[in-house]
Amino acid sequence: MIWLSWRLQRTETLVALVILALLTAWLVPTGLDMWNAYQHSGLGACIVHQAPRCDMDIGLFRARFGGISSLASWFNLIPGLIGVLLAAPLVSDLENGTYRLAWTQSITRRRWLLGKLGLAVVSALLAAGGLIALFSWWRTPEAQLDGRLDNGVFGTTGIVMLGYTLFALGFALALGAVWRRTAASLLVGFVAYVAARLMVEFKVRDHLVAAVHATWKGRPPASMDNANVLSFVATVHGHTVLNTGPFSGGNVKFQAPGLGHAIFHAVYQPESHFWPLQLTETALFAGVALLLIAFAAWRVLRTD
Amino acid sequence: MTAALEASGLGRRYGSQWALRDCTLEIPRGSVTALVGPNGAGKTTLLRLAVGLTRPSAGSVRVLGLDPHDDAAEALPRVGFLAQEHPLYGGFTVDEMLRVGRQLNPGWDDAAARARIAELDLPLKKKVRSLSGGQRAQVALTLALAKRPELLLLDEPVASLDPLARREFMQSVLEAVAEREMTVVLSSHIVADLERVCDHLVILATGRTQLVGSIEDIVASHRLLTGPRDGSEDVTRVHDVVRETHAERQTTLLVRANGHVYDARWTVHELDLEEIVLAYLGQDAARRREAVAS
Chain G
519 MIWLSWRLQR TETLVALVIL ALLTAWLVPT GLDMWNAYQH SGLGACIVHQ
569 APRCDMDIGL FRARFGGISS LASWFNLIPG LIGVLLAAPL VSDLENGTYR
619 LAWTQSITRR RWLLGKLGLA VVSALLAAGG LIALFSWWRT PEAQLDGRLD
669 NGVFGTTGIV MLGYTLFALG FALALGAVWR RTAASLLVGF VAYVAARLMV
719 EFKVRDHLVA AVHATWKGRP PASMDNANVL SFVATVHGHT VLNTGPFSGG
769 NVKFQAPGLG HAIFHAVYQP ESHFWPLQLT ETALFAGVAL LLIAFAAWRV
819 LRTD
Chain B
8 MTAALEASGL GRRYGSQWAL RDCTLEIPRG SVTALVGPNG AGKTTLLRLA
58 VGLTRPSAGS VRVLGLDPHD DAAEALPRVG FLAQEHPLYG GFTVDEMLRV
108 GRQLNPGWDD AAARARIAEL DLPLKKKVRS LSGGQRAQVA LTLALAKRPE
158 LLLLDEPVAS LDPLARREFM QSVLEAVAER EMTVVLSSHI VADLERVCDH
208 LVILATGRTQ LVGSIEDIVA SHRLLTGPRD GSEDVTRVHD VVRETHAERQ
258 TTLLVRANGH VYDARWTVHE LDLEEIVLAY LGQDAARRRE AVAS
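Protein chains in written order, with the working numbering: chain G, 519 to 822; chain B, 8 to 301.
Bound-form chain G, shown alone (with noise of 0.2 Å):
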């Protein structure tokens, strides 16, 4: 059973692999250029003990790598696509029929569908390993600076690729198992992931953890540095002077002129709740995938 998985999986691994080969390709040579220049522009020092000059070591990055990094936000896509993908060889096996012809052999269809679904998710889950290990070091220099709560990176960091890639699976996989249809199910099944995560990313994934609110005179809080604010407001004498929406990363300065006797309002998720929203994140992804990947098997062993 283990080698006809294997087998009936064989191109979608190949497609997986040359993704992340592509991937590895185009990252270590420039995740090299950023942290040689990290490390021996002397920024990293000079983040480390705050220094006064900071500020132009850490326009002169932004100035060399921001395009790549806003690039990097594309990223956000590949445990979708490998999900979506590892899901094919269960629908199409549905959709050929040939699903008739394993389950007259000897062996029951409930090991049949553990083979293939364990496979499956295990294949998912190494993929998903591989991403982050490759993000998160290439990521690092970066996340000095602007921190790893921002929108663009939180999702290309730390474990929460382990529940994006799953759920892709499950969806794919669940869509499949009533649909029988491969290449429709993927499709879909890949833009269901794309409209989950914008909604997780813009109406959730604040209210995972509860919030810092801070009112400080003066100098922000030292927990506000790379800090994901969700709002951030300055009264002078009662009347609001300053109300900005949601933004996040970077070192927060807000000395601004004629600002000095303003009391600020914020509220915000601090750095130190990165793991916290990881995990919290993490789970809600992986525990619909698993809903989801249940609800497959179920309606794939109620088929006739």
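Quick caveat, the hints were computed from the structure, so don't treat them as lab data. Among these hints, one or two may not hold up.
Some, not all, of what chain G presents toward chain B, calculated at C-beta under 10 Å [said to hold, decoys possible]:
no.	residue
1	Gly615
2	Ala620
3	Ser624
4	Ile625
5	Arg629
Below, a list of computed lysine to any residue pairs in the SDA-like style, where the Cα atoms sit at most 25 Å apart [stated by the list, open to error]:
no.	chain 1	residue 1	chain 2	residue 2
6	B	Lys133	G	Lys721
7	B	Lys132	G	Ser591
8	B	Lys133	G	Glu530
9	B	Lys132	G	Thr531
10	B	Lys133	G	Ile520
11	B	Lys134	G	Ile520
12	B	Lys133	G	Met519
13	G	Lys721	G	Ser591
14	B	Lys133	G	Thr529
15	B	Lys134	G	Asn614
16	B	Lys132	G	Leu631
17	B	Lys134	G	Ser591
18	B	Lys133	G	Arg525
19	B	Lys132	G	Trp524
20	B	Lys133	G	Glu613
21	B	Lys132	G	Gly805
22	B	Lys134	G	Trp524
23	B	Lys133	G	Arg528
24	B	Lys134	G	Glu530
25	B	Lys134	G	Lys721
26	B	Lys132	G	Arg698
27	B	Lys133	G	Ser591
28	B	Lys134	G	Arg699
29	B	Lys134	B	Arg85
30	B	Lys132	G	Arg528
31	B	Lys132	G	Thr616
32	B	Lys132	G	Lys721
33	B	Lys132	G	Arg525
34	B	Lys134	G	Arg698
Glycine residues also receive a C-beta, built at the ideal position from the N, C-alpha and C atoms.
Please build the complex by placing chain B on the supplied structure of chain G, with the hints as guidance.
For chain B alone, kept in the frame of chain G given last:
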């Protein structure tokens, strides 16, 4: 010894539509049974129920004394099944298909499978997708046979094949039956294919069983009677009329005779299997037309 296949009140419903209804039959071990019926009569459904691919909505089915669904782990190794479309993994080579069979079946007879493939001149290294329909059917049959099943179920095995491939396929089935003790049930709507191979017959019509028995008994008991336009009551009271046609002066009856026909006014003709089957299927078609009209 339990029957190879036993159905009682068996039915399967999809939505509000019954694909098979009220099917009661018993197929003895060692027989080669033809399952005949028009398209949509429930032949495929019956075979799928028998191999546990689907579950009954009503009644029960047992193969070799086992429930094909609940006792799947025990029943599956002993039942071979060949679906109508001969599903195989298109991207696999013939060799890889044999590997699939070997890995999924503990009773797999690899030597016999390879000998069969060699004998049929099937290229081991070629992809299944690039084989002809006849060759694919043979690969699928090889898979079902090498499992060494006690009961082999073939669903319209030759429907998609050209006449030559059809003949070769049926020949293969015959040889397999001759080689080792095995019960075979094969469905078809082409009677000529079956007569050569089968010794039992099941006629399935509008989702119900209509006739079950050995072909010998069936041929022996059916007669075509021609006689006067009036006065067929004496005959119809004793014998079961399958088909009745009236001309201006005479009546023709196709009956399942319960004993001899003594009435001298009737001429008695013997029938071949095809005529009998067609009469039953015609009766079914007429009944369906009535059902639609009413």
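Hints that the structure is at odds with (numbers, increasing): Hints 6, 7, 16, 17, 21, 25, 26, 27, 29 and 32 are the ones this structure does not satisfy, whereas the remaining hints hold.
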